[in-house]
Amino acid sequence: MLKNKKLTIWLDVVALFAWGLLLIKYWLTNELNLLIHPNYFWLVRITGIILLILSMIKTLEIIKQAKKTPPLDQAIIEHLTLFPPGWSSGLLIFTALIGLIISPQVLTSQTALQRGVTDTLPLTRSQPQSFRLNNKPEERSLIEWIRTLNAYPEPDAYTGQKAKIQGFVIHLPQLPENYLLISRFVLTCCAVDAYPVGIPVKLSTSNQSYPPDTWLEIEGEMATESLNVDRNTLTETTSGKRQLILVAKKIKEIETPKDPYNY
Amino acid sequence: MNQFLSALTLFFSLLVEAMPFLLLGVLLSSSLLLFIDEGQLITKLPKNPILGAFVGSFAGFLFPVCECGNVPVARRLLMQGVPTSVAVSFLLAAPTINPIVIWSTFVAFRDQPEIVFFRVIFSLGIATFLGCVFAVQKDLTPLLQPVLAQRIKWLLKTRTAQAQNSLKDHKNISPLLKSGTFLLGNQGQPIQMENLEANLIGKKSFNQKFKVFLDNLTQELRELGGILIFGSAIAAIIQVFVPREVILSLGQDNITSVIAMMILAGIVSICSTVDSFFALSFASTFTTGSLLAFLVFGPMIDIKAIGLMLSIFKPKMLIYLFALAAQLTFILTLGYGYIF
Chain X
1 MLKNKKLTIW LDVVALFAWG LLLIKYWLTN ELNLLIHPNY FWLVRITGII
51 LLILSMIKTL EIIKQAKKTP PLDQAIIEHL TLFPPGWSSG LLIFTALIGL
101 IISPQVLTSQ TALQRGVTDT LPLTRSQPQS FRLNNKPEER SLIEWIRTLN
151 AYPEPDAYTG QKAKIQGFVI HLPQLPENYL LISRFVLTCC AVDAYPVGIP
201 VKLSTSNQSY PPDTWLEIEG EMATESLNVD RNTLTETTSG KRQLILVAKK
251 IKEIETPKDP YNY
Chain Z
1 MNQFLSALTL FFSLLVEAMP FLLLGVLLSS SLLLFIDEGQ LITKLPKNPI
51 LGAFVGSFAG FLFPVCECGN VPVARRLLMQ GVPTSVAVSF LLAAPTINPI
101 VIWSTFVAFR DQPEIVFFRV IFSLGIATFL GCVFAVQKDL TPLLQPVLAQ
151 RIKWLLKTRT AQAQNSLKDH KNISPLLKSG TFLLGNQGQP IQMENLEANL
201 IGKKSFNQKF KVFLDNLTQE LRELGGILIF GSAIAAIIQV FVPREVILSL
251 GQDNITSVIA MMILAGIVSI CSTVDSFFAL SFASTFTTGS LLAFLVFGPM
301 IDIKAIGLML SIFKPKMLIY LFALAAQLTF ILTLGYGYIF
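If you read the sequences in order, they're chains X and Z.
Using my numbering, count along the first sequence one by one with no gaps and you end on 263.
Using my numbering, count along the second sequence one by one with no gaps and you end on 340.
Accuracy of the hints is not assured; some may be wrong.
To be verified - Partial list, computed: chain X residues near chain Z (C-beta under 10 Å): (1) N39; (2) T95; (3) I98; (4) Q110; (5) Q114.
As the list claims (entries may be wrong) - Result set (PhoX-like, lysine-lysine): computed pairs, CA atoms no more than 25 Å apart in a straight line: (6) Z:K211 - X:K6; (7) Z:K44 - Z:K153; (8) X:K6 - Z:K209.
It should be emphasised that the hints constitute simulated quantities derived from the structure, not laboratory data.
Everything numeric in this text was worked out from a predicted model, so none of it was measured.
Cβ atoms here follow ideal geometry from the backbone N, Cα and C, with glycine treated the same way.
Start from the sequences, fold in the hints, and give me the full structure.
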């Protein structure tokens with residue numbers, strides 16, 4: 001019994017340490033970019049540091065305690081436990097280990113398809129205060145295009161403008177062979193609420209040469225076209241919906257960026 | 001495999017987001033254990049049920065805990081003999097009416113301050129109302145778990161005996177003449193049983209206090225961290241393996257969307273400190289009324305909290321609580337949907 005108690009105390013320490021380590025690892029490897037919005041990075045960093053400090057204090061205390069006689073009465077700090085003793089810490093340690101071994105993934109086109117790709121930013125999303133329109137169209141990023149389109153949603157106004165945008169490939173089954181969707185995820189808080197935005201790209205060849213999730217830099221010219229697809233619900237529409245498309249002129253494959261999400 | 005990896009990413013994303021808030025909540029609740037004397041707090045509480053329920057609802061500001069943390073606190077309050085109306089309304093309101101949750105809701109819904117406002121108003125209303133309802137039942141013991149009920153009965157008995165004693169003699173009488181259970185203290189001084197906890201907390205050296213603080217911190221962190229992992233796992237699995245269309249088709253109109261979000265709130269069981277971020281991911285597809293339903297109902301009743309609440313109440317009481325809270329949330333948020 002006493003041995004069991006000692007074991008659970010040590011499990012606590014290990015759990016604290018493992019989680020501190022995991023958060024610090026996410027921070028140092030920049031994998032936080034894949035998980036949450038940069039606004040909350042500082043929270044995670046502080047938490048990681050506090051957890052590590054806690055585990056150290058706890059260790060010191062246990063060592064001190066081992067030299068002394070009976071431990072303090074546990075009555076006042078007695079808790080309602082949902083799990084048998086040791087289980088919670090075990091679960092915490094197990095989860096932290098998984099996190100340390102398996103790196104987080106960049107969200108894929110599959111997730112995007114599941115969530116529905118839009119060319120609008122829903123009104124409820126927090127709009128950045130510092131939004132400044134880049135005057136040269138070819139210098140706008142994909143997200144800036146979407147924001148511009150949001151502010152003035154008349155696709156015809158943009159025809160003929162040059163564009164150079166980066167994003168990953170989504171194949172929409174409803175689009176013809178020579179189209180693909182160039183898109184990016186936008187984060188408001190964490191990867192859970194990431195939502196994809198995208199613009200259809202018209203290729204001169206079949207889209208088979210650019211498999212889904214490939215990162216591309218596409219140069220071309222904006223145009224409007226009626227496509228028989230509603231990208232909000234990913235369903236086919238009978239009447240074509242006029243929308244902005246990018247006619248690709250030059251396509252370059254690029255590496256997945258370090259911070260693949262926009263904010 | 002790909003699906004699994006993205007589920008894992010979402011899982012960790014939720015956890016990394018929630019951890020700082022959890023740590024903050026646990027730090028606060030642990031330090032309150034040290035700095036606030038519960039015994040004194042009780043003597044200052046109003047006896048009037050409506051007033052009591054109102055005070056209980058606002059007690060979240062003193063004990064800022066999410067729904068995982070409020071159960072132990074509510075239990076401790078009941079044990080100390082706090083009026084029922086205060087304890088019940090505290091149990092329901094504290095997860096929402098506290099600075100951390102209000103702040104995180106505000107961060108998530110910066111563009112819709114009305115969500116923050118109505119979340120607070122609705123939770124306050126429901127909690128106060130339920131507090132009053134259960135205050136009508138003079139003797140709550142049949143609805144409590146037997147162990148807790150016994151302890152309260154004993155407490156009430158000693159309290160009344162004490163009151164009678166002090167009526168007879170206002171002067172300080174020797175503790176030996178008081179009724180109750182006594183222990184022999186350090187200097188041969190008798191200590192009354194019900195003051196024991198207060199003594200243990202109040203009269204400790206800094207080192208001992210710090211030790212209690214630290215122990216409570218790790219215990220809560222471990223316990224709630226484990227629950228958090230479960231909640232996040234379920235949430236991540238739903239996100240990845242249930243296509244949005246399924247959830248979307250659940251909530252097409254005003255009424256069904258409210259019901260859908262309430263079911264979701266009950267199942268997902270995310271801590272109230274982070275649930276507004278989760279709700280945000282539905283902001284584009286659901287009505288404001290149904291988001292409110294999620295934010296109001298989730299902190300009161302969810303799968304994870306039911307497990308914890310069973311340590312206080314008998315199942316019968318939980319069903320009453322659940323049914324009343326669900327109906328009130330439904331009516332209020334639906335009303336919001338029609339008016340605005």
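Hint check results:
1. N39: Since chain Z brings a Cβ to about 8 Å from N39 of chain X, closer than 10 Å, the hint holds.
2. T95: holds (5 Å)
3. I98: holds (7 Å)
4. Q110: holds (6 Å)
5. Q114: holds (5 Å)
6. Z:K211 - X:K6: holds (16 Å)
7. Z:K44 - Z:K153: Distance ~21 Å between K44 of chain Z and K153 of chain Z Cα, so the pair holds.
8. X:K6 - Z:K209: Distance ~21 Å between K6 of chain X and K209 of chain Z Cα, so the pair holds.
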